[in-house]
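S.K.: One letter stands for each residue in the lines below.
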Amino acid sequence: MAAIKTLNPKAEVARAAQALSINISGARGIQDVLRTNLGPKGTMKMLVSGAGDIKITKDGNILLHEMQIQHPTASMIAKACTAQDDVIGDGTTSTVLLIGEMLKQAEIQIQDGLHPRLIAEGFDLAKAKAQEVLDEVKISEEMSRERLCQVARTALRTKVHSELADKLTEVCVDAVLAIKEDQMPLDLHMVEIMDMQHKTELDTQLVKGLVLDHGGRHPDMPKRATNAYILTCNVSMEYEKTEVTSGFFYKSAEDRDKLVVAEREFIENRVRKVIELKKKVCDGNNNMFVVINQKGIDPMSLDMLAKEGIMGLRRAKRRNMERLALACGGMAMNSFDDLDEDCLGYAGSVYEHILGETKYTFVEETKKPHSVTILIKGPYKHTLTQTKDAIRDGLRAIKNAIDDAALVPGAGAFEMAAYDTLMKFESEVKGRARYGVRAFADALLVIPKTLASNSGYDPLDSLVKLREELKNNAGVPVGLDISTGEALNPVDAGIFDNYCVKRHMLDACSVIALINKSCTRLCCCSTNLQVTQPTPRHKDLSCLMHIAS
Amino acid sequence: MSTSNVTRELVTIQESSFVYDSTTPTDINHDFLFRDGRTPLRQETYTPRVLCVDVQGSLHTLPALGTLYSPPHSHPSTSDAAWEGPVQMIHQLSQEKNQYLMDLEEEEKRYNSQPTDEDKDICVDDLIVSTKGEDNTTASTEKIYDLSKSVRVWSDFLRPHLHPNSIYLLNSLHVYGGRGLAGDGEGDLWGFPSGTTVFQREDVEEEITDRIRLLAESCNSLQGFQLLSDVHNGMGGVSSGILHHFADDYGSKDTITFAITPPHLSPTTTQTRLLTQAAILQSYAELSQLSSVLVPLCLRKSIFDLTAPVVSFPSLLYQEDNAYLSSSILGAFLETASTVYRTRTDPLPLAALTHLLTPTGRKVAGAGIVLPYKGLNEDSEVEYSESERWGSVVERGDRKGMCGGEREMWRGLVPLSAGACLTNNPISEVQVVRGNSSTKSSREENKSPLERCCVRAVDPLKTTPPFPAIFTKLTPTTFNRDPSMRKTKPVRVVDERVRSVSSAGVIQQCPSLCQMLRPALTAAQGLDVTKVTLLQEEGLDKDAWCGVVEGLQKLLLAYDTTPNQEMECSDDDDDD
Chain U
1 MAAIKTLNPK AEVARAAQAL SINISGARGI QDVLRTNLGP KGTMKMLVSG AGDIKITKDG
61 NILLHEMQIQ HPTASMIAKA CTAQDDVIGD GTTSTVLLIG EMLKQAEIQI QDGLHPRLIA
121 EGFDLAKAKA QEVLDEVKIS EEMSRERLCQ VARTALRTKV HSELADKLTE VCVDAVLAIK
181 EDQMPLDLHM VEIMDMQHKT ELDTQLVKGL VLDHGGRHPD MPKRATNAYI LTCNVSMEYE
241 KTEVTSGFFY KSAEDRDKLV VAEREFIENR VRKVIELKKK VCDGNNNMFV VINQKGIDPM
301 SLDMLAKEGI MGLRRAKRRN MERLALACGG MAMNSFDDLD EDCLGYAGSV YEHILGETKY
361 TFVEETKKPH SVTILIKGPY KHTLTQTKDA IRDGLRAIKN AIDDAALVPG AGAFEMAAYD
421 TLMKFESEVK GRARYGVRAF ADALLVIPKT LASNSGYDPL DSLVKLREEL KNNAGVPVGL
481 DISTGEALNP VDAGIFDNYC VKRHMLDACS VIALINKSCT RLCCCSTNLQ VTQPTPRHKD
541 LSCLMHIAS
Chain C
1 MSTSNVTREL VTIQESSFVY DSTTPTDINH DFLFRDGRTP LRQETYTPRV LCVDVQGSLH
61 TLPALGTLYS PPHSHPSTSD AAWEGPVQMI HQLSQEKNQY LMDLEEEEKR YNSQPTDEDK
121 DICVDDLIVS TKGEDNTTAS TEKIYDLSKS VRVWSDFLRP HLHPNSIYLL NSLHVYGGRG
181 LAGDGEGDLW GFPSGTTVFQ REDVEEEITD RIRLLAESCN SLQGFQLLSD VHNGMGGVSS
241 GILHHFADDY GSKDTITFAI TPPHLSPTTT QTRLLTQAAI LQSYAELSQL SSVLVPLCLR
301 KSIFDLTAPV VSFPSLLYQE DNAYLSSSIL GAFLETASTV YRTRTDPLPL AALTHLLTPT
361 GRKVAGAGIV LPYKGLNEDS EVEYSESERW GSVVERGDRK GMCGGEREMW RGLVPLSAGA
421 CLTNNPISEV QVVRGNSSTK SSREENKSPL ERCCVRAVDP LKTTPPFPAI FTKLTPTTFN
481 RDPSMRKTKP VRVVDERVRS VSSAGVIQQC PSLCQMLRPA LTAAQGLDVT KVTLLQEEGL
541 DKDAWCGVVE GLQKLLLAYD TTPNQEMECS DDDDDD
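Those protein sequences? They're chains U and C, same order as listed.
Position 272 (the first sequence) corresponds to 272 in UniProt numbering; numbering is contiguous.
Position 40 (the second sequence) corresponds to 40 in UniProt numbering; numbering is contiguous.
No lab work stands behind these hints: they were computed from the structure.
Warning: the hint list may mix true and false statements.
[Claimed, not checked] Straight line, CA to CA, 27 angstroms or less: simulated DSS-like cross-link-like pairs of lysine-lysine:
#1 55/U x 180/U
#2 55/U x 109/C
#3 97/C x 381/U
#4 367/U x 180/U
#5 180/U x 377/U
#6 109/C x 381/U
#7 208/U x 381/U
#8 279/U x 223/U
#9 97/C x 55/U
Small disclaimer: the values here were computed from a predicted structure and weren't measured.
Please model the entire structure based on the sequences and the hints provided.
M.R.: Rendered as structure tokens:
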């Protein structure tokens, strides 16, 4: 204590109870901001920046990123949520609510004289028990399209309005099912997400093929190709210095010109090889030829291609090389030395669409697309971002469901079940740690309570109804019906959450709440805040430092 | 055909290059750095090919998407949210615009209200406004501003419109982690390793590389990239990630990297100072390996000592702690030097430039600037003149150590690559002179062993606002009535009316750069990273640091071949 004062006389130090209250106020502050977001009836937040940038969101993680968080505890929670979003993709609002509530419940117990350590012990016990409950209530089954739709709809309804949510549900599920291959891990990168500032968000659609955000750069190039062979390659078709580090050494202007001609010839040979192949496969039929290159194609090469009626696109996304091979067949070529027909993919229709200065190239009607594109439309940039964020969450929810091969009944059903079990479990726990278990159980209720209050019902009233229902029908999941405030069976209503989201939520909450509670000393040194910590094992969660007292 | 990653201050540079667009007789081909475009409303645009990467919250009054393609919503309403439930509108406090920005806005409004005459001018860009809109009010280029106090971030003096894809903001939560933004300046602390980690995030990498790709796609013959980056913080790490991407996807293109250390840094604690220095050293080690040529730009006399004296220019007045003023000098240099590959007639390809500057694997090149510049033909004996044309004067240089008329030309040269002494025994160099007709333009004169490329452009360097008033003139002593003042030397005062100056820049490869890099290596060897907690938190371990030291050693090795030559060039005091 004195040491830090000696090192830095300006340091401010907060001790035990004071430190705790600082931590709790941070957690509560952030909880208050996100509380209104939860559920399909939550409040949509519209952020208007000082410069006039608009951001519309209801996603906890995005909101946290938009806020300028200064409170050390709050930023620690924000960081944990970022980690959760990176790994799982959803459930950040619930996590924040739970952390805040756990600290609140713990505060009550601590004021009664319970040591934070004992609460920590209780939390650990309760967490283990809650995870058991989670495993009990989860529904493990083969994921049918209907189930996937239900889980995606549950996620999407909390992000965008219901009409759009239903539309996106179909789009997302179809996209995932298209790229899903048996016995292979699902790679969401194979779903390309492309946005177009055009029409309305309800025109968002799934394209069974690819949409590229660039087009031909030559006026004479065909704008539309039917029955097209697709050559995907990563070969430079532009005049440039040689690949090896070397310079041009020449004595006279003629020498220089010669070198330039020779270099040009080299590139032209490459283009000729493509043209040869085109002639070979397209002679005698009406098929067209499209070259999609990851490297550049310069105007002269474009001209050569255009003369042959070949559509040439340059600087494709690196990932699109992989996607193209999956969508159209064929393979991405790294050299033109051994070109033959097997390398080519096929698409029934390739066409350009121009919006302002941006060209979009649609590659459609592929035979068996293993890579698809979700084409987002919307009138403004901020609506596009909003839809994009929602789609990302929807896709993640579907992926999680497939990976877990299990779902958890939603609408607060898990929290109710866990509460019920924990209250029974409390009496089995010996010693004062049972108060920790109780605090944990009470904290879990924040989810159904917030759901109810966000939907305009009295939270306690609804809670009573839910507990009644739970008592009467043991073994049946009970959730909150947000349109009536009564109890409902989420399985019948098709409301499902991801198993891994809940599991991660339980983990993250108890760890963060523990750190904040057991932190007994908080130092503020000059302008940069440093908090001190008892155990180094949670270091990865934040850059805050905690010192044991 | 260049993409630059601009972090905070360097932006003057960009801005100073835009100003030129309304000049009529020009040697400069702007298509190299600008591109045509078209907004959804079918307006033709001409926007810079640039990608600015910055940290969230540093734009102040500038919307991230710009106003060119998406006119700002004047009154956003909750109905835009398209949500059945309740919508809460949260307004952030709007930042106050300074006088300059407000005048620009006025001009634009006036321009937009004018009926567009389609035959007259297809270039519907606000840059032209200044020449057209001179009706009764003075255009913003005519007025004199003192922005030195009001400018806080680069967007405060940004004149041109940017393409909506031009700005990418790193999320502050990823950047600063849990460290929290603790108010004034100290909060924006992040080291090189955090920068690398931020770039490795999938969403960040994808966004940045995709924007670069879109710019590259629109180029008919991409030559390479110019990368401008702060190196004293995590931006160095981000840049190294971008350079890795260049190496992967644009392998045959050249990258010229300008590593910038602004002079206003003053870390308060030892820990933060070490963090900053470690970032600088690591940036030099990494960036020099990945780019074709690395040009350090620094107004202090040492690249990593943050308290070393700043270089002084004979006829410029600037405060080292004012980023706006100091960056304008660096901006003037970049604008001058880049003329080499931007001239209308026979531009030097970037590949040739980098080849010229990096013989025998010497990746770091020195830079220097004469601002304002006076050529040989002008009378060098005049102590000062009230030349309206150049606005200011160059003091008579000390000719010690100079030989021949050629050296004479470069008196007043201030090396921007700290600590290096330029014009002494260069191996190869690129000289650029702007706005002065007295020098000849030549290419690769065969004057062995020196390889040289001289480029000249008639356009002077425009220093109309928002270029800060940093030029000085001497107050004529005759007007000084005070007898006590009469004996003293004439006082330099800031001349606010400088419209344009001539300038000369040089980038060269010389053995003396070794003197700049050696202390850096020593410092790197002397730093024990295990004792710096801030670096530990960033995840920098001993092995990684050994890699940095090795990198610097490798860099120095290329310079070590001629130990005798280094000794000869110790009289660098002339240039200051």
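S.K.: Among the hints numbered above, which are violated by the structure, and what are their numbers in rising order?
M.R.: Violated hint: only 1; rest satisfied.
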